[in-house]
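J.: From just these sequences and the hints, can you work out the full model?
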Amino acid sequence: AQSVAQPEDQVNVAEGNPLTVKCTYSVSGNPYLFWYVQYPNRGLQFLLKYITGDNLVKGSYGFEAEFNKSQTSFHLKKPSALVSDSALYFCAVRDANAGKSTFGDGTTLTVKP
Amino acid sequence: KAGVTQTPRYLIKTRGQQVTLSCSPISGHRSVSWYQQTPGQGLQFLFEYFSETQRNKGNFPGRFSGRQFSNSRSEMNVSTLELGDSALYLCASSLAGVINEKLFFGSGTQLSVL
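Chains A and B, in that order, are what the protein sequence lines are. Under the working numbering, read the first sequence as residues 24 to 136, first letter to last. Under the working numbering, read the second sequence as residues 3 to 116, first letter to last.
A few of these clues could be false.
[Claimed, not checked] Which residues of chain B face chain A? A partial, calculated answer using Cβ under 10 Å:
(1) 46
(2) 90
(3) 92
(4) 116
Simulated from the structure, these hints should not be mistaken for lab results. Beta carbons are placed, not taken as given, at the ideal position from N, Cα and C, and that holds for glycine.
T.: See below:
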């Protein structure tokens with residue numbers, strides 16, 4: 024069975040500093056990896072995905088993610104954090120059956136001014 | 003283009019009752035999936051529908067059921083509600099439910115069971 028782990032419940036960074044939200048995965052076969060963000064009282068919004076190709080994936084709002092096959096990781100990064108980036112972030116892997124996604128437990132990012 | 007619409011936004015029910023939640027996907031999207039979000043369990047997959055057929059099902063009891071209509075709108079039903087069913091129920095849609103597609107989520111239905 025596939026799984027996703029987000030080892031940090033909470034990440035705190037100062038505005039303007041780089042941020043990293045960690046994700047590791049376990050799948051059989053090729054991984055199809057996604058990052059989503061959830062703001063309070065809202066559904067999840069897609070940020071970026073890795074399907075194949077370049078290990079560095081660029082997404083919405085200046086976010087990017089680095090796929091590392093040997094470390095089975097897909098960490099979310101941003102060079103300069105904004106207070107408005109404060110939200111709940113989910114890493115997910117798409118099932119080979121396609122209809123199901125398995126999500127990590129989420130990481131709360133807090134960016135302080 | 004309108005996004006994924008879930009109704010109602012909030013629901014309060016008592017134990018033993020049943021509830022029906024509705025989801026209208028983005029126009030043209032044929033795959034609809036449902037997730038339960040709780041603080042302790044995170045996001046748990048309930049089921050996925052495509053062209054009115056359930057293709058995938060998560061590990062939830064039979065009290066949780068769903069269906070999809072010919073216009074791709076979907077409903078989820080929970081019978082004999084339990085306190086532990088209190089959660090945010092999220093609906094997501096995609097064009098065809100294939101592996102490289104991103105999901106578009108609704109804002110969810112917050113269900114409170116008293």
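J.: State for each hint whether it applies.
T.: Here is how each hint holds up against the structure:
1. Nearest Cβ of chain A to the Cβ of residue 46(B): about 8 Å, under the 10 Å cut. The hint holds.
2. Evaluation of the residue 90(B) hint against chain A yields a held restraint, the C-beta minimum of about 9 Å falling below 10 Å.
3. Residue-level restraint check for residue 92(B) holds (minimum Cβ-Cβ distance to chain A is 6 Å; threshold 10 Å).
4. Taking 10 Å as the C-beta cut-off, the interface hint given for residue 116(B) is violated, the closest approach to chain A being about 20 Å.
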